[in-house]
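Colleague: Listed below, chain by chain, are the residues.
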Amino acid sequence: MSHPQTLFDKIWQRHTILEREDGAVLLHVARHLVHDGSAAGFRTLRDRGLKLRRPDRTFGTPDHYVPTHTRDMASIAEAGRRDMVTALDRNAADTGMTVFGLNDPRQGIIHVIGPEQGITQPGLLMVCGDSHTATHGALGALAFGIGASEMAHVLATQTLWQGKPRSMRVTVTGTLGPAVTAKDVILAIIARVGAGGGSGHVIEYAGPAIAGLSMEGRLTLCNMSIEAGARAGMVAPDETTYAFLKGRPYTPSGEAWDQALAFWRSLPSDPGAVFDTEVTLDGSAIVPMLTWGTSPEDAAPITGKVPDPADQPDPERRAAMQNALDYMGLTAGTKFTDIPVDRVFIGSCTNSRIEDLRAAAAVVKGRKASVWAMVVPGSGLIKAQAEAEGLDRIFLDAGIEWRHAGCSMCVGMNGDLVAAGERCASTSNRNFAGRQGRGARTHLVSPAMAAAAAIAGHFTDVRQLLDA
Amino acid sequence: MPDLEKFTRIDAIALPMATPNVDTDQIIPARYLWHAKSDGYGKWLFNDLRFNEDGTLKPGFILNQPDYAPAEVLVGDRNFGCGSSREHAVWALHDYGFRVVIASSFGDIFYNNSFKQGLLPVVLPEAEVQALREAIERGNSAHVSVDLQSQTITGPGGFSTRFEIDPFRKKKLLEGLDDIAITLTFTDAIDKFEAAFEQNMPWLKNP
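One line per chain: the protein sequences are E and H, in this order. Counting from 1, position 317 in the first sequence corresponds to residue 317 in the working numbering; the numbering is continuous, with no gaps. Counting from 1, position 129 in the second sequence corresponds to residue 129 in the working numbering; the numbering is continuous, with no gaps.
Calculated directly from the structure, the hints in this document are not laboratory data. Backbone N, C-alpha and C fix where the C-beta goes; we use that ideal spot for every residue, glycine too. Don't take each hint at face value.
[As the list claims (entries may be wrong)] DMTMM-like, lysine to aspartate or glutamate: derived pairs with alpha carbons at most 20 Å apart:
no.	chain 1	residue 1	chain 2	residue 2
1	E	Lys164	H	Glu72
2	H	Lys171	E	Glu21
3	E	Lys365	E	Asp326
4	H	Lys43	H	Glu72
5	E	Lys51	H	Asp178
6	H	Lys58	E	Asp326
[Said to hold, decoys possible] Computed beta-carbon distance windows for the label pairs:
no.	chain 1	residue 1	chain 2	residue 2	range
7	H	His35	E	Ala384	32 to 38 Å
8	E	Arg265	H	Gly55	58 to 64 Å
9	H	Lys37	E	Glu278	39 to 45 Å
10	E	Ala332	H	His35	35 to 41 Å
11	H	Leu57	E	Arg46	36 to 42 Å
12	E	Glu255	H	Gly40	41 to 47 Å
13	E	Gly96	H	Gly55	43 to 49 Å
14	E	Leu18	H	Arg9	29 to 35 Å
15	H	Gly97	E	Asn323	22 to 28 Å
16	E	Gly304	H	Asp11	45 to 51 Å
[Said to hold, decoys possible] On the chain E side, residues computed to face chain H include the following (Cβ under 8 Å):
no.	residue
17	Ile17
18	Leu26
19	Ala30
20	Asp130
21	Ser149
22	Gly196
23	Pro249
24	Gln312
25	Glu316
Using the sequences and the hints, build the whole thing.
Modeller: Now the structure itself:
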């Protein structure tokens, strides 16, 4: 019997073109995703007189710089930013790659439309010039973010040199409680292992609480693997995965589906496969979470209080924590539910899928927002589906803005910014200082928790609103 | 093919930055990313920590302390360069004048990106990173030497250590070799691999 392999081992091996004596591996890239922030990679390609090797394996959509209040490009005031969006169309015309442009109903956040179109599939090695590429691991793909130079390398050669990362299995046992979502699970995991805890690793999420997640939930979970420092995150494909994939534009059908399915079923980690690191969490103990600081590891249950730096024995750690509290304008000992919010953002590659919008709408329905809030769906197709289900009316009736698809206020590159000193309950992935705008104070939460904050005007344990 | 900037050895002023989880949003805020690399990203390095909104300097930030202004080595903490994949973070550090970043761990993508620009990221055990930071803080304008060939670092107060680095990356930095040029010499192997890959996974054809 051959050596038991992990899901990660199997995909790595299948994409290995050659291995040098010094251990460097040349990997084939099965799918390369690009966006309007990928311009530097294409510029390098052009400057060096190289051609896109595989236009048929390259897919893109504009997301970072697109306006969300209109689809009118003229609304992007700065020519340099406008060029980022138009350059993607130009690069598509020059190279023959597939791009879902701004006025295509399939446009959206690249990490939302990859799975939505069935471009993301189990067993594939995928890369994108964006750190949240780990999202695609939810379908059992090995997907990770790369920089502009590596992007140019993939465009030119459809390959990448990598050393093999170590493996980590994060097992979440038990059953999640009511209103506890994948977002709460990943925040609990990051709080446990730290923002660098997964550094140099590929994480496989496993256990009954993970198997019980919907595909949307798994996408949220894998999306934030990078916030635990991991190279990638993945979930073994199962019936949930196959049911999600069936009938999507880029997934096979007929005999090809059966062939693909047989391969997909061979992918899960073999019994007895060994991981370099193992972490276990009790899923039934997780409650709705929020972050209080400026690193995603600063996450805690909503039932708690702002921690006290004085409790930190290490002086450098104590100083770092005090800096975070100063930036966030928080006082140690304050109950989380006593913290008021100024803005609420529901969207991003972490939490902009139909299930996220339904969860937020369930909290909002029949209520009014007491602070400014907006919902930015992850794709044009999700927007259309939400409208068909009447979710847009629920948000609009509550006084919440309903926008077009894009990355929006997660990173603010399109001008959707949080003002200095303002506090934002956000379903995005990063609470870094300045992430949503200079001086902006970001608290990461699930869509249901964000909706609850929008209604109450302060952080609230969403379980209380749902019980009522 | 353009040669990359080589890295062999430097001896330069080192700047201690004791903050953990220095993310790439802090190194280079997102609002600058649409600029071309040739615009020079050094002027925006750590922008929001270095400057007030009105453009005046924040004197408390370490990069603004005159002793450290000419620093070429940055001694960080854990998880330096975490977050976004933006290579602009490396461009900003390099354009400002940094050639080495030493930390107990790095964001993986930042670490990979650094090599593409001739910025050497060095991983040392947490205790050594802290000892080096403290040695620098004790001596004004303290120099640190980093030698890639021998994989050694020496610093003030008799600090001396060896570091590990992937041999292929070391070779590329020492010789200024470019990845794309190297990979294109393997085109035959890539062609063969792709043909077999597609034969084994025929369902990957686009509709």
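Colleague: Decide, hint by hint, whether the structure agrees.
Modeller: Going down the list of hints, with the structure as the test:
Restraint check for E:Lys164 and H:Glu72: the C-alpha separation of about 30 Å exceeds 20 Å, so the hint is violated. For the proposed pair H:Lys171 and E:Glu21, the alpha carbon gap of about 13 Å is at most 20 Å, so the pair holds. A hinted pair counts as satisfied when its Cα atoms are at most 20 Å apart, and E:Lys365 with E:Asp326 does not qualify at roughly 35 Å. As the CA atoms of H:Lys43 and H:Glu72 are separated by approximately 15 Å, the hinted pair is consistent with the 20 Å bound.
The hinted pair formed by E:Lys51 and H:Asp178 meets the criterion: a straight-line CA distance of about 17 Å does not exceed 20 Å. Straight-line distance between C-alpha atoms of H:Lys58 and E:Asp326 comes to about 16 Å, which keeps the hinted pair within the 20 Å bound. One distance hint, 32 to 38 Å for the beta-carbon pair H:His35 and E:Ala384, holds here, with the actual separation near 35 Å. Separated by about 60 Å at the C-beta atoms, E:Arg265 and H:Gly55 satisfy the suggested range of 58 to 64 Å.
At roughly 42 Å, the beta-carbon separation of H:Lys37 and E:Glu278 lies within the given 39 to 45 Å, and the hint holds. At about 40 Å, the beta-carbon gap between E:Ala332 and H:His35 stays in the expected band of 35 to 41 Å. The supplied range of 36 to 42 Å is met by H:Leu57 and E:Arg46, whose beta-carbon atoms lie about 38 Å from each other. Between E:Glu255 and H:Gly40 the C-beta distance comes to about 56 Å, which lies outside the given range of 41 to 47 Å.
At roughly 45 Å, the beta carbons of E:Gly96 and H:Gly55 sit within the given window of 43 to 49 Å. The hint said 29 to 35 Å for the Cβ distance between E:Leu18 and H:Arg9, and at roughly 32 Å that hint holds. The supplied range of 22 to 28 Å is met by H:Gly97 and E:Asn323, whose beta-carbon atoms lie about 25 Å from each other. A hinted range of 45 to 51 Å for the beta carbons of E:Gly304 and H:Asp11 is consistent with their spacing of about 49 Å.
Taken as an interface hint, E:Ile17 checks out: its beta carbon lies about 4 Å from the nearest beta carbon of chain H, inside 8 Å. At about 6 Å, the closest approach between the beta carbon of E:Leu26 and any beta carbon in chain H falls short of 8 Å, and the interface hint on this residue holds. About 7 Å separates the beta-carbon of E:Ala30 from the nearest beta-carbon of chain H, less than 8 Å, and the hint is met. This hint holds: E:Asp130 has a C-beta 6 Å from the nearest C-beta of chain H, less than the 8 Å allowed.
Taken as an interface hint, E:Ser149 checks out: its beta carbon lies about 4 Å from the nearest beta carbon of chain H, inside 8 Å. Residue-level restraint check for E:Gly196 holds (minimum Cβ-Cβ distance to chain H is 3 Å; threshold 8 Å). Taking 8 Å as the C-beta contact cut-off toward chain H, the hint placing E:Pro249 at the interface holds, the least distance being around 6 Å. With its C-beta approaching chain H no nearer than about 12 Å, E:Gln312 sits outside the 8 Å limit, and its interface hint is violated.
A least Cβ separation of about 5 Å between E:Glu316 and chain H falls short of the 8 Å threshold, and the interface hint therefore holds.
Against the hints set out earlier in the document, violations occur for numbers 1, 3, 12 and 24.
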